[in-house]
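Asker: All chains should be modelled from the sequences, with the hints used to inform the complete structure.
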Amino acid sequence: MLDIKEISKTFNPGTPDAKQALNKLSLHLDDGDFVTIIGSNGAGKSTLFNAIAGSFYVDEGSVILGGQDITFLEEHKRSRIIGRMFQDPLKGTAPSMTIEENLALAYLRSAEGTSPFSHISGRDKQIFREKLSMLGMGLEDRMKHQVGLLSGGQRQALTLLMATMVTPKLLLLDEHTAALDPATADKVIELTRDIVGRNHITCLMITHNMKQALEIGNRTFLMADGNIVYDVKGEERKGLTVEDLLERFKAGTGKAMDNDRILLS
Amino acid sequence: MLYILKTALELGLLYSLVPMALFLSFRVLDIADLTTDGCFVLGAAVSVQMAAIGQPVLGIPLAMLAGACAGFVTAFLHTRMKVPSILAGIITNTGLYTINLMVMGWSSNVSLLKKSTIYSMFKGLGFLGDWHSAVLTFLIVGAISALLISFLGTRLGLSIRATGDNIDMVRASSINPTFTITVGLCIANAMTALAGAMVGQYQKTVDINSGTGIVVIGLACLIIGETVLGRRTVKKGAIAAIVGSIIYRIIYAVCLYTKVIPVEFLKLLTAAIVALAIAFPALKKMVAFQKAKTSHTSGRRFEAKEGRKDA
Chain A
1 MLDIKEISKT FNPGTPDAKQ ALNKLSLHLD DGDFVTIIGS NGAGKSTLFN AIAGSFYVDE
61 GSVILGGQDI TFLEEHKRSR IIGRMFQDPL KGTAPSMTIE ENLALAYLRS AEGTSPFSHI
121 SGRDKQIFRE KLSMLGMGLE DRMKHQVGLL SGGQRQALTL LMATMVTPKL LLLDEHTAAL
181 DPATADKVIE LTRDIVGRNH ITCLMITHNM KQALEIGNRT FLMADGNIVY DVKGEERKGL
241 TVEDLLERFK AGTGKAMDND RILLS
Chain W
1 MLYILKTALE LGLLYSLVPM ALFLSFRVLD IADLTTDGCF VLGAAVSVQM AAIGQPVLGI
61 PLAMLAGACA GFVTAFLHTR MKVPSILAGI ITNTGLYTIN LMVMGWSSNV SLLKKSTIYS
121 MFKGLGFLGD WHSAVLTFLI VGAISALLIS FLGTRLGLSI RATGDNIDMV RASSINPTFT
181 ITVGLCIANA MTALAGAMVG QYQKTVDINS GTGIVVIGLA CLIIGETVLG RRTVKKGAIA
241 AIVGSIIYRI IYAVCLYTKV IPVEFLKLLT AAIVALAIAF PALKKMVAFQ KAKTSHTSGR
301 RFEAKEGRKD A
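Chains A and W are the protein sequences, given in the same order. The first sequence begins at 1 in my numbering and counts up one residue at a time. The second sequence begins at 1 in my numbering and counts up one residue at a time.
Think of the hints as simulated: they come from the structure by calculation, not from any bench. If you're wondering where the values come from, they're calculated on a predicted model, not measured in any experiment. Mixed in with the good hints, there may be bad ones.
Distance condition first, Cα-Cα at most 25 Å in a straight line; then the derived PhoX-like pairs of lysine-lysine [unchecked claim]:
id: 1; chain 1: A; residue 1: Lys5; chain 2: A; residue 2: Lys77
id: 2; chain 1: W; residue 1: Lys235; chain 2: A; residue 2: Lys144
id: 3; chain 1: A; residue 1: Lys24; chain 2: A; residue 2: Lys250
id: 4; chain 1: W; residue 1: Lys6; chain 2: W; residue 2: Lys259
id: 5; chain 1: A; residue 1: Lys211; chain 2: A; residue 2: Lys131
id: 6; chain 1: A; residue 1: Lys125; chain 2: W; residue 2: Lys82
id: 7; chain 1: W; residue 1: Lys235; chain 2: A; residue 2: Lys125
id: 8; chain 1: W; residue 1: Lys291; chain 2: W; residue 2: Lys204
id: 9; chain 1: W; residue 1: Lys6; chain 2: W; residue 2: Lys123
id: 10; chain 1: W; residue 1: Lys82; chain 2: A; residue 2: Lys77
id: 11; chain 1: A; residue 1: Lys144; chain 2: A; residue 2: Lys125
id: 12; chain 1: A; residue 1: Lys169; chain 2: A; residue 2: Lys77
id: 13; chain 1: W; residue 1: Lys259; chain 2: A; residue 2: Lys144
id: 14; chain 1: A; residue 1: Lys144; chain 2: A; residue 2: Lys131
id: 15; chain 1: A; residue 1: Lys5; chain 2: A; residue 2: Lys19
Answerer: Below is the structure:
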């Protein structure tokens with residue numbers, strides 16, 4: 001499904017601030033893989049996502065998604081096939097537009113062929129209503145409300161719905177529950193599992209919760225210094241504990257995991 | 001008195017497409033587009049020159065097209081060349097001065113003498129008497145605002161609104177912000193040029209400096225309208241532009257007539273209104289902060305006094 005071959009990215013090259021954020025990183029995901037990613041601060045987790053989503057172009061290497069080479073495809077074109085969520089609930093929705101209008105924007109991805117001058121149809125609204133009711137937050141009765149009036153958790157659930165409105169080939173979740181209170185975070189994680197499972201979406205999820213990293217999905221990456229230092233799945237992953245992970249990390253990098261949020265959680 | 005009100009209404013309607021264009025660029029797209037001043041004159045120049053060669057009706061769409069081109073230049077500088085949006089507008093505006101002179105045949109003033117305009121033609125239909133200018137302008141402005149409101153509800157319109165509302169989200173959701181900003185600025189400037197085109201044919205003259213300060217007046221109109229109607233929805237925003245523009249012209253007419261405020265002071269007053277209205281949230285914060293600070297320090301002073309007594 002996703003093939004990344006030896007990608008590298010250096011920020012501010014040739015200056016004293018030069019920082020190699022990705023270092024010849026390669027990975028291969030199978031169709032339907034749900035991978036959790038953990039790593040130290042500055043390990044290159046978000047940079048990896050930015051490289052896949054096209055926020056910048058990589059210095060070398062290639063990114064191939066579903067057989068299509070997207071290495072030099074513009075970001076907004078990639079986002080037709082890649083869904084993305086950020087930690088900040090404010091980032092994924094347009095606050096002064098209504099729930100309905102936000103969903104219509106997400107639905108644009110499937111709108112290839114329809115006129116840019118067409119309005120939201122009654123059939124679209126029906127689809128939005130059904131999808132919203134799956135969240136179980138009562139948002140289906142508030143479709144004309146502005147998104148800015150919703151809570152962070154509601155907005156993040158809505159963003160999840162928007163990112164998967166048209167089933168993406170790949171879903172990138174960048175600590176998408178980190179800014180929510182624990183109960184809401186659980187709810188959004190539950191929704192994520194549900195939607196990803198039901199639609200068989202290939203998914204990469206960054207998390208700082210090691211327990212969660214082992215519980216969710218079928219595969220886990222440990223990242224350090226711009227590369228994947230440990231990749232575990234299947235039987236080996238099932239027996240793994242958080243202590244084992246920390247051990248593995250030390251073995252892989254020669255130093256202890258330093259991620260302030262992981263240590264705190 | 002009725003005559004004054006009628007003139008205020010006419011002028012308010014004529015100029016109302018400027019605040020409406022600013023509603024699109026400044027409120028919806030969140031870009032301060034300073035192309036407005038030059039673009040207004042461009043529309044007037046094209047329309048007056050077309051009327052001079054006997055094509056007043058054709059002059060209107062051509063003026064809009066010219067305005068859209070000006071908007072495109074600003075958008076190109078801003079999105080592709082990464083020039084900050086305010087500077088991009090100022091650059092286009094400066095360049096437009098020469099373009100406008102060129103359109104006006106290198107003369108700083110062009111008048112239409114005994115040429116037919118859309119207004120004289122409409123008057124020729126002969127069933128509205130004195131109100132023909134107001135009615136025709138109202139029809140045009142009404143049609144444009146209805147089109148704008150409808151357009152902002154379409155897929156493309158929603159994408160434009162999202163671009164101004166949350167650019168991060170837009171980048172992550174298959175919308176190309178370069179495209180939406182360009183379309184938005186082209187439409188906004190076409191509307192500004194249309195206002196210029198109507199004013200030019202209404203006054204039967206165009207002056208190279210007739211656009212000076214139009215952008216600030218437009219903002220003042222928009223802010224006045226929003227204060228009256230609120231700015232929650234797109235529909236309210238578009239209507240606020242028209243209402244604000246008419247109120248502004250009435251205030252202007254009253255000043256002119258009663259001389260409560262000398263007319264020479266009006267631009268200064270307009271600038272002050274705009275500055276205050278935009279500064280309002282910051283001022284509110286400052287006042288709240290000062291209040292909190294005063295109550296906090298006075299509380300502490302009290303505690304300190306109490307403490308001394310104990311000692």
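Asker: Could you run down the list of hints and mark each one as holding or not?
Answerer: So, going through the hints one by one against the coordinates:
1. With a C-alpha separation of about 21 Å, the suggested pair A/Lys5 and A/Lys77 falls inside the 25 Å cut-off, and the hint holds.
2. For the proposed pair W/Lys235 and A/Lys144, the alpha carbon gap of about 14 Å is at most 25 Å, so the pair holds.
3. Proposed proximity of A/Lys24 and A/Lys250 is supported: the alpha carbons are some 21 Å apart, at most 25 Å.
4. Between W/Lys6 and W/Lys259 the alpha-carbon distance is near 19 Å, which keeps this suggested pair within the 25 Å criterion.
5. For the hint pairing A/Lys211 with A/Lys131, the CA-to-CA distance comes to about 30 Å; that exceeds 25 Å, so the pair is violated.
6. Restraint check for A/Lys125 and W/Lys82: not satisfied, since their Cα atoms lie roughly 38 Å apart, outside the 25 Å limit.
7. Taken as a hint, the W/Lys235 and A/Lys125 pair is honoured in the structure, with Cα atoms around 20 Å apart against an allowance of 25 Å.
8. Restraint check for W/Lys291 and W/Lys204: not satisfied, since their Cα atoms lie roughly 55 Å apart, outside the 25 Å limit.
9. Note on W/Lys6 and W/Lys123: the hinted pairing holds, with a Cα-Cα distance of about 16 Å set against a maximum of 25 Å.
10. A distance of roughly 20 Å separates the Cα atoms of W/Lys82 and A/Lys77; the hinted pair therefore holds under the 25 Å criterion.
11. Restraint check for A/Lys144 and A/Lys125: the C-alpha separation of about 11 Å stays at or below 25 Å, so the hint holds.
12. The straight-line distance between the Cα atoms of A/Lys169 and A/Lys77 is roughly 13 Å, inside the 25 Å bound, and the hint therefore holds.
13. In summary, the hint linking W/Lys259 to A/Lys144 is not supported, as the alpha carbons are separated by about 47 Å, beyond the 25 Å threshold.
14. Under the criterion of a C-alpha separation no larger than 25 Å, the hint pairing A/Lys144 with A/Lys131 is consistent with the structure, at around 15 Å.
15. For the suggested pair A/Lys5 and A/Lys19, the alpha carbons sit about 20 Å apart, so the restraint of at most 25 Å is met.
Consistency with the previously given hints fails for numbers 5, 6, 8, 13, ordered from lowest to highest.
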